[in-house]
Each structure stands twice: as structure tokens, then as C-alpha cells.
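Asks: Full structure from sequences and hints, please.
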Amino acid sequence: MIDNYEHYITKNIKAFYKRRLFSPIVYIILLTVLWFAFSLGDILSPIHIDDSVSFEAAYKDSDRYVKTTLKKLYFTGYTMKDGNDIKGYYYYCMRDKHCSIVLLAPSTCEEGLPSIDKLTVVGKIVKGKGTYTQFVNKLSKDLSWDSKGLSDTITGYYLNEPEYHLKTTIFMFVFYFGTLIYAVISLIFYILCIRFPVLAPACQNLVVFGNPHKLLAEAEEELATLPQLATEDMFITEHYFIMTSPYGNAIVPIKEILWIYKYSTLHKILWYHFSISYTLHISANKHLYIHCPKNTKSDIDGIIDYLAEANHDILVGFSEENRLKVQAVQGKPLHVERLLAWKKK
Numbered sequence: 001m002i003d004n005y006e007h008y009i010t011k012n013i014k015a016f017y018k019r020r021l022f023s024p025i026v027y028i029i030l031l032t033v034l035w036f037a038f039s040l041g042d043i044l045s046p047i048h049i050d051d052s053v054s055f056e057a058a059y060k061d062s063d064r065y066v067k068t069t070l071k072k073l074y075f076t077g078y079t080m081k082d083g084n085d086i087k088g089y090y091y092y093c094m095r096d097k098h099c100s101i102v103l104l105a106p107s108t109c110e111e112g113l114p115s116i117d118k119l120t121v122v123g124k125i126v127k128g129k130g131t132y133t134q135f136v137n138k139l140s141k142d143l144s145w146d147s148k149g150l151s152d153t154i155t156g157y158y159l160n161e162p163e164y165h166l167k168t169t170i171f172m173f174v175f176y177f178g179t180l181i182y183a184v185i186s187l188i189f190y191i192l193c194i195r196f197p198v199l200a201p202a203c204q205n206l207v208v209f210g211n212p213h214k215l216l217a218e219a220e221e222e223l224a225t226l227p228q229l230a231t232e233d234m235f236i237t238e239h240y241f242i243m244t245s246p247y248g249n250a251i252v253p254i255k256e257i258l259w260i261y262k263y264s265t266l267h268k269i270l271w272y273h274f275s276i277s278y279t280l281h282i283s284a285n286k287h288l289y290i291h292c293p294k295n296t297k298s299d300i301d302g303i304i305d306y307l308a309e310a311n312h313d314i315l316v317g318f319s320e321e322n323r324l325k326v327q328a329v330q331g332k333p334l335h336v337e338r339l340l341a342w343k344k345k
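The sequence shown begins at 1 in the UniProt record's numbering and counts up by one.
Derived by calculation from the structure, the hints in this document are not laboratory data.
Quick reminder that beta carbons are idealized off the backbone N, C-alpha and C, glycines included.
Any given hint might turn out to be false.
DEER-style ranges, computed between Cβ atoms [unchecked claim]:
#, residue 1, residue 2, range
1, G112, H165, 16 to 22 angstroms
2, N311, A224, 44 to 50 angstroms
3, E320, T168, 27 to 33 angstroms
4, L199, E221, 15 to 21 angstroms
5, I86, F22, 45 to 51 angstroms
6, F175, Q228, 48 to 54 angstroms
7, F175, K81, 25 to 31 angstroms
8, G302, Y247, 18 to 24 angstroms
Replies: Structure, rendered in C-alpha cells:
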């Protein structure tokens, strides 16, 4: 049993959010590593290269996704297929005094135009292998060259337009920046709750009952003078029910509690049942709902008995009758209750 409950609620609020700092920090670091490891900046804003820069030189400079203008393109007669679907059309053009290969999307080349005078395209520079090697071998036979001789003439790197998936790219970056913003906001919020515990939801939920700062101070003072009933992470003082568990914190004025009940959860791995835990549910005025998970039956029974004795108006036990009674008492939706409470302040 803890002997000193001085500032116990705020200490637990700070500890709770310090534990939660780990996830957003690690996620932000992971996104940063991915940004540089996979050149995500180039995907978002492809590097512009002029026709004096060969695809091989750009690739070796780590410029994978590029935007460039191509002149005098000629269709080779070969395509790249994905199953029965044509993924792209192979074209060649002169670039930096070398013959360069470009794989164009069907929509770009109108499904195989014989020639294209000028075209600005965004794509990914790829080192030739696999299907590209097969293409070079077939082309060398058409030209009556050996594949090595043609490889000396054609650069081993080509521009692949279909590899730059615009829709996929947009979705990926919406997800990337959306989750990044969420992680940053979460991190800032956790830091604020550590610095100013009264900003935590456990305290701000009290706004519908009065000034959160004053109610927190009152609950702290009552807990510091030793609680009337205490379990491992649940406490009852003269006027408050307090929870300080690894799953969250809560403060509820006892006079505002409408309904309390418990339910059990069976924990198992495959067919082996290894434990049963109990969750205490508290419904209070102004749509305040508290869940106290993973407690023992004896602890929750003790809390329920004490609360029922402290406030004889509290409904005890889960039943449809009790649910309907609480539903009849509840008024406006929670967000409306909070808005009105803030306006009164």
C-alpha cells in the first residue's frame, strides 16, 4: 500500500503520457529514415534533368525519379506485358550522344505511335535486367547484332514511365503525411499533458461539473489525506472516485455517478484458459463514461459496494431496466454539454 498520496493523480497522469511518448517518437524516426532511404522526396517532386544528362549518370547520382523532355522518339516494336495486358511500349531516342531506351505508358504514346517529336515525361530510371535484358536480346537479333554489341551502343539504364504510379503516389503521400501529422500532434499533446496535467482528458472531462483545475486540486487534497478505500489503481475519497491505472486516468465526483456494473473477460491462448479479469463500468451525469479494465473481482466488488453506500441513487448491476433509466436521465450529447460548459466559463 502506498503511504504518500501527495500529488498522486498528477504524477500518474505524467507517468501515463511519458509511457505514450515512445510510439510517436519511434514512428516519426521511422518515417524520417524511410524518407531518405527510399528517396521519397524525389517521388514527391521528381528531379528535372535536361537532355545532356544520361540516364546512367542520373542514376549514379541517386536521381531515381526524374522529369525530362525527350526528342525524336521512335517505337522499337516491342512492348512490356503484365500477363495479357500491355504495361508499356519501348521507344528509343538519342540522349547525350547515346541511344537511350524509354518505356512509355500506353496512354502517353497512344498505344504505340511510330514516332514522337517531343515529349515531357515523368518516370523512374531503372537499371536494365530481367524483361529489359530479354528486350535487348530480341532487338539485337532484329538488327543482326550480338547482344553485347548492342549493349555497348544502348545504355544499360532506361526510363520507365509506368513505374511512376501517380494515383499510388498520391495515396502513399496522403497516408505518409497524414500519419506523420497525427504522430506529431500526438507527441505535442502528450508533452503538454506532461507539462500541464490539467489538460489531460481525465481532468478536462470534469469541465461539465465545474472548473477542472479546482476539481483536480480538491481530488488531490482528499487523496493526500488518505483515501477511504484503495485498491491497486482505484481509490474512493470523500467526494471522488479516482482511477490511476496503466490504461488511463479518471476522476469522477461520486454525487454525479448514475450507474455502476462489472463484466468479466476470459483471457485465453488457443484452447487454454489462463485468467479472468473484470472491468468496472461507470456512467455519470453529462454523458461521462469510465472503464476500469483488468481488475480482480474482489477489488471491483469492494468499489461497487462502497460507491452504492456513498450514493444511494446509484444504479448497481447491468440490466436493460437500468440502461433505460440512465438513458432517460442523460440529456444533450456529450460534445454539446462540453461546449455549453466552456461558454459558461
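Asks: Mind checking the hinted window 44 to 50 angstroms against the Cβ distance between N311 and A224?
Replies: 22 angstroms, violated
Asks: Mind checking the hinted window 15 to 21 angstroms against the Cβ distance between L199 and E221?
Replies: 20 angstroms, holds
Asks: Given the hint of 48 to 54 angstroms, is the C-beta distance from F175 to Q228 inside that range or not?
Replies: 50 angstroms, holds
Asks: Does 16 to 22 angstroms hold as the CB distance between G112 and H165, or does it fail?
Replies: Holds, at about 21 angstroms.
Asks: Can the suggested window of 18 to 24 angstroms be confirmed for the beta-carbon pair G302 and Y247?
Replies: 19 angstroms, holds
Asks: Return holds or violated for the Cβ distance of I86 and F22 against the range 45 to 51 angstroms.
Replies: The hint (45 to 51 angstroms, Cβ to Cβ) holds, given that I86 and F22 are roughly 48 angstroms apart.
Asks: Could you say whether the range 27 to 33 angstroms given as a hint is met by the Cβ separation of E320 and T168?
Replies: Taking Cβ atoms as reference, E320 and T168 lie about 50 angstroms apart, which means the hint is violated.
Asks: Starting from the range 25 to 31 angstroms, see whether the pair F175 and K81 falls in it by beta-carbon distance.
Replies: With a Cβ separation near 30 angstroms, F175 and K81 satisfy 25 to 31 angstroms, so the hint holds.
Comparing the model with each numbered hint stated earlier shows that hints 2 and 3 do not hold.
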